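Take a look at the letters that make up each chain.
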Amino acid sequence: MTLVFLLLAAITILGFGAAMSLRNPVHCVVGLTLGLLGLAALYLQLGAQFVGLTQVLVYVGAVAILIIFAIMMTRSSESAEDQTYSHSWRAGVVLALAVFAVLGWAVHFGSTSIPAQNVMPELPVQTIGDALLHRFVLPLEIIAVLLTAALIGAGVLALQDPVPETRGPR
Amino acid sequence: MFGEGILRGLAETARNFFGSYVSKDRLTTIQFPEERIAPIEATRDFPFLVYDGNDWDAGMRCVACQICEKECPPKCIYIDKSKDKKPDAVGKQQFYPARFDIDISVCMSCQICVEVCPFDAIKMDTDFELSTDNRFGGLLLDKHKLAKSNEYYHHIHPTEAAAVDAALADERAKTEAKAKAAAEAAAAKAAAAATPSAAPKESAGGE
Amino acid sequence: MIVLSPSNIERIDQIFVLTKHWLMGYVPAVAQPLTSAILSVLPVLIAFPAIFAVTTLLERKGLGRIQNRYGPNRTGPWGVLQPMADGVKSLTKEDIVPATADRWVHFFAPVVMVIAAFLAYSVLPIGRNMVVVNLSSGVLFFFAIGALVEVAIFMAGWSSRSKYSLLGAMRAIAQMVSYETPLVLAGLVAVMATGSLSTVSIVEAQAQYSHYLPNWFVFTPWGFAGFVLFMIAATAESNRSPFDLPEGESEIIAGYFIEYSGFKFALFFLAEYLGMFATSGIAITLFLGGWSAPFSFLTWVPSYLWFFLKLLAITCGFIWIRGTLPRLRMDQLMHFAWKFMLPMTLLNIFAAAAWKFFPVGILRWLGCAVFLAVAFVLLTRGLKKRGDVSVRQYRFAD
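In order, the protein sequences belong to chains R, D and H. Each residue of the first sequence is one higher than the last, beginning at 1 in the numbering used here. Each residue of the second sequence is one higher than the last, beginning at 1 in the numbering used here. Each residue of the third sequence is one higher than the last, beginning at 1 in the numbering used here.
Since the hints were made in silico from the structure, they are not lab data. Check each hint, because a few of them may be wrong.
[Stated by the list, open to error] Just the calculated beta-carbon pair ranges, DEER-fashion:
1. D:Ser131 - H:Val54: 30 to 40 Å
2. D:Glu34 - H:Glu94: 29 to 39 Å
3. D:Gln111 - H:Pro49: 55 to 65 Å
4. H:Thr380 - R:Val107: 47 to 57 Å
5. R:Val107 - D:Phe2: 56 to 66 Å
6. H:Phe297 - R:Gln126: 19 to 29 Å
7. R:Leu157 - D:Ile6: 35 to 45 Å
8. H:Lys385 - D:Ile112: 22 to 32 Å
9. D:Lys75 - H:Pro49: 56 to 66 Å
10. H:Leu81 - D:Lys24: 44 to 54 Å
11. D:Ser82 - H:Glu94: 47 to 57 Å
12. R:Leu157 - H:Ile38: 47 to 57 Å
13. H:Trp365 - R:Gly129: 22 to 32 Å
[Stated by the list, open to error] Covered, in the sense of this in silico footprint (three residues per stretch, anywhere, with C-beta under 8 Å from a C-beta of chain H), are these stretches of chain R:
14. 7-18
15. 42-54
16. 58-64
[To be verified] Chain H side only, calculated, beta carbon under 7 Å to chain R, not exhaustive:
17. Met84
18. Glu150
19. Trp158
If you're wondering where the values come from, they're calculated on a predicted model, not measured in any experiment. Glycine is no exception: its CB is placed at the ideal position from the N, C-alpha and C atoms.
Isolated chain R, as found in the complex:
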């Protein structure tokens, strides 16, 4: 629990808390970006450079931009007037605590199988690349096909409107 970890954790929680509780959607997006950057910094602090930087590249550079586009195109940037919390928020809190408890129990009791190390293992990008192309090549190809299908589907959806027939000269 070093000072850097506490600082980064505070920033992350602040970001995601803002994303949950602010009324203006654009403020929520900015808070979300801040939280994602905090997560990426936590990854970097743990020594996982590739994962941390890919988190910034993918989440901040693509997902947050996607949400931004959605907000800009639909003009939902006006603040919500009525209550933004759902009516069943108590049940939600109970559920969240239950999930947290299950995860914590899994992490705590599962961590005994991993030997405690003082030196963090080096995981260069080459190892990740090797694993992706040797051990995990089938999931990689399936994800590629899935992404291609999504891209083609998006293109087809965008081109849905039929082209009107040629009209005579006006």
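Got chain R; can you put chains D and H on it based on the hints?
What follows is chains D and H alone, placed relative to chain R:
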């Protein structure tokens, strides 16, 4: 199509860049006010009053006929006619403008005052550096500020001034010729009247 | 008189590193990490804004001469004090925030943009042993930081609550997102050739000399194509002419920073130019050999000097392009990115991979060059619009 248009454009811009250091064609800026281009002769900005000779007050050609004041479209000329007369450049007694103001913030440089003036007294100047920080009269030019000499007129509009001078000289010559003819006729008549009256006076005096 | 002995050359080359070590000797052990970080970052914070000031003057004078006029020449001889005059102007102008603007987002947008621009310099090797932090995935870090700039642009455009700024922000983000893919793919070939994502090792792989010529990647066919594609994408990423539709003054007034005045505007300007320098820097690192000298007999010149000379050359190239080409329309921009740049960069990756599998020699040079040339010709001819002039059919109007 293969990008060679872009490369040709880049070559042209590079030629402009390096050429601007060696040739004046590729650097056509005139750094005003240190350098100026000579204006063409037909340039016009605001009117001025022409005077002949050295004394601006005595040599002014304007006789306060007030035609330009009446013809001016935005009515920016203000003339007060004098009560007395003074001799003009040829010696004839003429009225003169006691006050001749032009408001150049109103003047639209239409040159109508120049076109209607029968005495070639008001002409168009080429001076444009007239800004002043006096908002309450700095742009109202009075008679003294408007008076500029005939030599100055020759300097800014040489052909026009030469033509005006020739026309004025012509007119003066015609007037003088007419006056001389009239004087000669009067002298002849006076001589003819004098000699018969002299003879009987002499015979009456001789008894 | 400094004698150019090898040890002296080494000393001049490493002068900043040696200065830092000397200063660190005076700092107590407990403050060493923080002081080391500050001393590493300080030169970047001082040098690149200074280069920005010089570049604004260079750009105005260069563009002026290209356009047959003088640039600024009244402030100081040849206008050298113009950046100071610009600085004073931007500092003393009134800071106007629209009444309906979102105050905090409006305030933080230029801050985030400048932070993102400065962060990108931390993986650039400016000289031998002169990199702020030697990340093992430095190239990935650089491209990840580029994504932050888009968030800052959105914050600026939306918070001003003005139609022009929102439209400009949408266009700017669309443009930057579209050109990010060709940018990364074009830079990928250098990573493939080196086998490492670390910028330091990429430069060191190019700092070898064969006969007198260096092993820069730009002298290989895939490297040359990659460099050209990378520079085109970099011009689009920094919103510079001919891709400056989001901020062209005659198009949309000033796009997403239309409601900014005074110092915040200066910060946006600074961030845009810093982004331009950072992208040029990474192009120099990936393709032009970073801090290495162009000929093996010129290695006595300090390494940082070569880096800045190459940066100057690329900046002059940017200014030259700006003075030459007209602005691209939005749809032309997008077509160019998705229909030409993306396939071209993918084919370039094929060429770079083929390079590794052929034996060393003139054959692989010719093979890759021919492959790329044929691909270029086919792509440009295929994309050229037929000159058909018929009644235009609209999909959304009517």
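Outcome of the hint check:
1. The beta-carbon spacing between Ser131 (chain D) and Val54 (chain H), approximately 36 Å, falls within the hinted interval of 30 to 40 Å.
2. For Glu34 (chain D) and Glu94 (chain H), the hinted distance range of 29 to 39 Å is satisfied, since their beta carbons lie about 34 Å from each other.
3. In this structure, Gln111 (chain D) and Pro49 (chain H) meet the distance hint of 55 to 65 Å, their C-beta atoms being roughly 57 Å apart.
4. Against the hinted window of 47 to 57 Å, the Cβ-Cβ separation of Thr380 (chain H) and Val107 (chain R) comes to about 56 Å, which satisfies the hint.
5. Taken as a hint, the range 56 to 66 Å holds for the pair Val107 (chain R) and Phe2 (chain D), whose Cβ atoms sit roughly 59 Å apart.
6. The hint said 19 to 29 Å for the Cβ distance between Phe297 (chain H) and Gln126 (chain R), and at roughly 36 Å that hint is violated.
7. At roughly 36 Å, the beta-carbon separation of Leu157 (chain R) and Ile6 (chain D) lies within the given 35 to 45 Å, and the hint holds.
8. Between Lys385 (chain H) and Ile112 (chain D) the CB atoms are about 57 Å apart, so this pair departs from the stated range of 22 to 32 Å.
9. Against the hinted window of 56 to 66 Å, the Cβ-Cβ separation of Lys75 (chain D) and Pro49 (chain H) comes to about 59 Å, which satisfies the hint.
10. Here the CB-CB span from Leu81 (chain H) to Lys24 (chain D) is close to 27 Å, at odds with the stated 44 to 54 Å.
11. Remark: the range hint 47 to 57 Å for Ser82 (chain D) to Glu94 (chain H) is upheld by a beta-carbon distance near 56 Å.
12. Checking the proposed 47 to 57 Å range against Leu157 (chain R) and Ile38 (chain H) shows it holds: the Cβ atoms sit about 52 Å from each other.
13. Between Trp365 (chain H) and Gly129 (chain R) the C-beta distance comes to about 27 Å, which sits within the given range of 22 to 32 Å.
14. A count of 0 residues in the segment 7-18 of chain R with a Cβ less than 8 Å from any Cβ of chain H is obtained; the coverage claim is therefore unmet, three being the minimum.
15. By the rule of at least three residues with a Cβ nearer than 8 Å to a Cβ of chain H, the coverage given for the segment 42-54 of chain R holds, with 4 such residues.
16. Look at the segment 58-64 of chain R against chain H: 4 of its residues bring a Cβ nearer than 8 Å to a Cβ of that chain, three or more, so the hint holds.
17. With a least beta-carbon distance of about 35 Å to chain R, the hint placing Met84 (chain H) at the interface is violated under the 7 Å criterion.
18. Interface restraint check for Glu150 (chain H): the shortest CB-CB distance to chain R comes to about 6 Å, inside 7 Å, so the restraint holds.
19. Taken as an interface hint, Trp158 (chain H) checks out: its beta carbon lies about 6 Å from the nearest beta carbon of chain R, inside 7 Å.
Violated hints, listed in ascending order, are 6, 8, 10, 14 and 17; each of the other numbered hints is respected by the structure.
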